[in-house]
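As given, the protein sequences belong to chains C and L, one line each in that order.
Heads up: the first sequence at position 38 corresponds to 38 in my numbering, and the numbers run straight through without jumps.
Heads up: the second sequence at position 76 corresponds to 76 in my numbering, and the numbers run straight through without jumps.
Calculated from the structure, these hints are not laboratory results.
Heads up, a few of these hints could be off.
Unchecked claim - Using 16 Å as the maximum straight-line C-alpha spacing, the simulated EDC-like pairs for lysine to aspartate or glutamate come out as follows:
id, chain 1, residue 1, chain 2, residue 2
1, L, Lys-175, C, Asp-259
2, C, Lys-147, C, Asp-160
3, C, Lys-280, C, Asp-259
4, C, Lys-433, C, Glu-418
5, L, Lys-175, C, Glu-246
6, C, Lys-199, C, Asp-221
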Amino acid sequence: MTAQSARIQQPSLGPLGWARWAWRNLTSMRTALLLLLLLAVAALPGSIWPQRSINPTRTSDYIARHPTMGPILDRLGFFEVYATPWFSAIYLLLLISLIGCVLPRTRIHLRHLRGRPPRVPARLDRLPAYAERDLDADPDVALASVKAALGRRYRVDVRDGHTLAAESGYAKETGNLLFHTALIGVIVGVAVGHVWGWKGDVIVPVGGSFSDTAINYDTLDPGPRVDTAKLPPFTLTLDRFDASFEDRVGGGQFGQPRDFSAYLRTTDSPGAPEQSHVLKVNHPVEMSGAAIFLLGNGYAADVTVKDSRGKVVYTGPTVFLARDNNYTSSGAIKVPGAQPKELGFFGNLLPTGVITQDQGPISIFPDARDPKMALGLYEGELNPGGLSGSVYTLNTKEMTQVKDTNGEPLRIWIAPGETVQLPGDRGSITFNKVVRWAGLSIRHDPAKDLTLWSSLLALAGLIASLLIRRRRVFARVEALPAGGSRVRLGALAKGDDSGLQDYLDRLAAGLPSR
Amino acid sequence: MTREVLEQYSLVSLYSAIVVLTLAMLGFIVYLARSAAAAPRDAVEPARADVLVGAGGPAVHRSPDGPGDDAASASGLVKARKAAGPARMLTGLATLLVGVSILFRGLSVHRPPLGNLHEFVAAASFVLLLSFCLWGLKRNVDWLGAFVTAPVLLMLGSATTFWYTEAAQLMPSLKSGWLVIHVTVATISVGVFTLAAMVGLAYLLVDRAEARGGGAPGRLAGLRRVLPPAPELERLSYGLHVIAFPLWTFTLIAGAIWARQAWASYWNWDPKEVWTFVIWVVYAAYLHARATTGISRQKATYIALAGFACIIINYSIVNMYFVGQHSYSGV
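Go ahead and model the full structure; you've got the sequences and the hints to work with.
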C-alpha cells in the first residue's frame with residue numbers, strides 16, 4: 001500500500017516537464033554562479049600551457065619535451081583550450097543561462113515600468129525602515145507634502161486621501177538588464193569576428209611592395225565564412241623603415257628598442273590615388289576593409305650571386321629572421337638558377353657582427369652599425385621531390401656541404417660591398433647592402449565595433465545596476481483627534497541599503513509642520 | 001638633475017616610506033592589541049560608537065551593558081588610542097613619501113611612471129594608502145590600519161627588491177596614451193580590491209569570533225571587541241567591491257582597445273589577458289553569490305577572497321613566469 005501511494009505521488013514528468021525542469025535549473029542563479037566559476041577554472045590552462053593558435057612552435061616544442069604527458073594533454077585539448085568542446089560547452093551554457101535570465105526579467109521589468117507602485121502594506125512599522133511624525137497640517141496637505149518631499153526621483157502613486165506608494169531607482173534594474181543584454185552583444189561580436197574576420201601576416205623589405213591577395217601572404221588565417229578571393233584590393237609600398245635602440249652604455253636597458261617607424265604608400269585599389277602613412281607600433285593604418293599593423297621587423301641581405309662566367313643568377317633582398325634581442329638573424333639564400341648544381345647559402349646576418357670565442361659569430365647590438373654575414377654553402381637539390389620547405393632554412397637531405405681548399409667546410413665572412421669568390425668554378429657572392437624589413441599584420445574584423453560598443457554599454461549598465469538604489473516608500477496619514485495629522489512612513493529596498501532608515505528619518509524631519 | 005640622481009631620490013623615498021610604514025603598522029598592531037585587552041566584553045569604545053553612527057543605517061548598535069566601563073579599561077582605551085594617533089600620522093607621511101617617490105620616478109624617465117611591475121606596484125600602494133588616509137579623515141578607521149599597512153609593506157618590499165627595474169624609457173609597444181588610461185585604472189582597481197579583501201578578511205574573522213560567542217577567550221574574541229560588528233564589515237567589503245569591479249571592467253575594456261591597436265587583435269588569450277578575465281569572472285561570481293538568497297554571506301566573501309588570490313597570482317606568478325605579450329615587467 002505504501003508502495004502504491006509512493007507511485008501515485010511521483011507522476012512522470014514527460015518530455016515537456018523534463019525540458020521545463022532543465023530550463024528552470026539552467027537559468028537559475030545558482031547554475032549561473034557555478035558556470036561562472038567553471039569558466040574561470042577552465043580558462044586557466046590556456047595561460048599555463050602554450051597554445052597552438054598563439055604560438056605553434058612553442059607548443060610542438062613542449063609536446064616534444066614531454067613525451068608522456070604531452071600527447072595526453074594534447075588529446076584533452078590543453079594546447080587549444082579556447083576551441084575545445086568543454087570550454088565551448090561552458091560558455092554556450094552560460095549564454096543560454098544569460099538569455100534565460102534576461103528574457104523573463106525584461107518582461108517583468110517592463111510591466112513594472114508601465115504599472116503602478118505596489119499597494120501600501122497594512123503595517124508600515126514592520127518594514128525594514130519606519131518613521132512617523134505628527135504635523136499640524138490636515139491629512140490631505142500632509143500627504144501632498146510627503147509627495148513633494150519625495151521629489152522627482154520617485155514615481156508617486158497617491159492611492160486615496162490618506163495613503164501613498166512611491167518607488168524610485170527603476171534604472172537599477174534597467175542597468176542590470178542592459179549589462180546582461182550587452183554581454184550577449186559582446187559574445188555575438190566575438191563570434192561574428194571569428195567567422196567573418198581574417199588576418200594575414202607578410203614581411204615586406206624596404207623598397208618592396210605588397211598587394212592584398214591571398215597568395216601574397218606569408219600566412220593567412222581566414223574565418224570559416226571568408227572568401228579569400230575577395231580580399232580588399234589595396235596595395236602598399238614600404239619606402240623607408242626607421243628603427244632606434246637604446247645606445248646609452250651602462251644599465252640593463254642597453255640595446256632595448258625605442259622606436260620603429262615604417263613609411264608606407266598605399267592605394268585603396270589599383271589606379272586609385274596614392275596616400276602616404278607613417279606606420280608605428282600602436283598606430284595602425286586603417287584602410288577600407290582592413291587595418292595594417294606593425295608587429296615585427298628585422299634585416300634582409302641584398303645579395304647578388306653570379307656564376308663563373310659572371311652571369312647574375314640571383315639578386316635581391318633575402319629576409320633573415322631575428323633570433324635574439326641583438327637581431328642575430330638566421331636565414332638561407334637559395335639559388336636554384338646556379339650551374340651546374342643548385343646552391344644554398346645558410347647562416348647568420350649580424351647587424352653589428354663580431355666573432356666570439358665561445359658563441360661564434362653573433363650580433364652585439366640591434367642597430368646596423370657594422371653589418372656582417374657568416375655563411376656556409378651547400379650544393380645539390382634545393383627542393384627534393386618538388387616540395388619547397390621553409391624559406392628560412394635549407395633542406396640538406398639531397399645536398400652536400402661545399403668545402404674550401406683545405407677540405408674544411410666553407411665559411412664566408414662578408415661585409416656590405418664585398419665580394420667573395422666561391423671555390424671551384426661556382427661563381428661569386430656579393431653582399432650589396434643590408435635593408436630592413438617590416439613585419440606587417442593585416443586584419444579585418446567586421447564586428448569589432450559591435451563588440452566595443454556592447455562592452456561599453458555593459459559597463460554603463462553595470463555601473464547603474466551597482467550604484468543606483470531601488471527604494472519603495474509608503475506613507476499613511478491619519479487625522480489626529482486634537483487636529484493635525486500623523487504621518488507614518490515605511491520603506492524597503494532591493495538588496496542592501498544601509499542608508500534607508502537614515503533617509504526616511506530625514507524625509508520625516510524635513511516635512512513642513514503645516 | 002640627471003636621470004640617475006632622480007632615480008636614486010625615488011628609491012630613497014620609497015625606502016623611507018617602508019621604514020615609516022613599518023612603524024605605523026606596529027602602532028596599529030599595538031592599538032588593536034591594547035583595545036582588545038582593555039575593552040570589557042561587549043563594551044563599546046566611545047570612538048567606535050562614532051564609527052557605527054557615522055556608517056549610518058540600521059547598524060547593530062551594541063550598547064554597553066552595565067553601568068559603563070570600569071576605570072582600568074578606560075585607561076587601557078586611552079593607552080590604545082595613544083598608539084593609533086602616531087600610527088595615523090606615520091601612515092600619512094608614508095603616503096606622502098610613496099607619492100614623492102612616484103613623482104621622482106616620473107621625472108627621471110620623462111613619462112607616466114606606469115611602465116613596469118615596480119612602478120605599477122608603487123602606484124597601487126599609493127592608491128591604497130591614499131584612500132585609507134582620506135577615509136580616515138571622514139571617520140575613525142584605525143581598526144583597519146593594520147590590515148592596510150601590512151599588505152602595502154609586502155607590496156613595497158617586493159617592488160624595491162625582486163621587482164625592481166631600473167628607470168628607463170619605454171619599449172615602442174608601450175608608447176601609447178592607453179598606457180596611462182589602462183594602467184592607472186588597473187592600479188586604482190587593484191588598490192580598492194585590496195582594501196575590500198582586507199575588510200572581507202576582517203569580516204570573516206569577526207564573524208567567526210561572534211559565532212563562538214562573546215564569552216569565549218582567545219585572540220579572535222579580542223578582535224571582535226575592536227572591530228565593527230560583522231554585518232557592517234560585510235556591507236563595507238561589498239561596497240568597496242562594488243567600486244572596484246566596474247573599474248576592473250574598464251581595465252579589461254581599455255586593455256582590449258589598446259591590444260587592438262598594438263597587437264592587431266583586441267583579444268589574444270595572452271596569459272595576462274586570461275587572468276584579467278578570470279579575475280573579472282570570479283568577482284562577477286561574488287556579486288552573483290551575494291545577490292542569491294540561500295548563499296551565505298560568508299561563502300560569498302570566500303569567493304571574493306579567491307578573486308583577490310587571483311589578483312596576487314596575476315601580478316606575481318603570471319608576470320614573472322608565464323610567457324606572453326605582457327612581458328613588460330622588466331624583471
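Results of checking the hints against the structure:
{"no.": "1", "hint": "L:Lys-175 <-> C:Asp-259", "in the structure": "9 Å, holds"}
{"no.": "2", "hint": "C:Lys-147 <-> C:Asp-160", "in the structure": "13 Å, holds"}
{"no.": "3", "hint": "C:Lys-280 <-> C:Asp-259", "in the structure": "8 Å, holds"}
{"no.": "4", "hint": "C:Lys-433 <-> C:Glu-418", "in the structure": "9 Å, holds"}
{"no.": "5", "hint": "L:Lys-175 <-> C:Glu-246", "in the structure": "15 Å, holds"}
{"no.": "6", "hint": "C:Lys-199 <-> C:Asp-221", "in the structure": "5 Å, holds"}
Taken one by one, the earlier hints all hold for this structure without exception.
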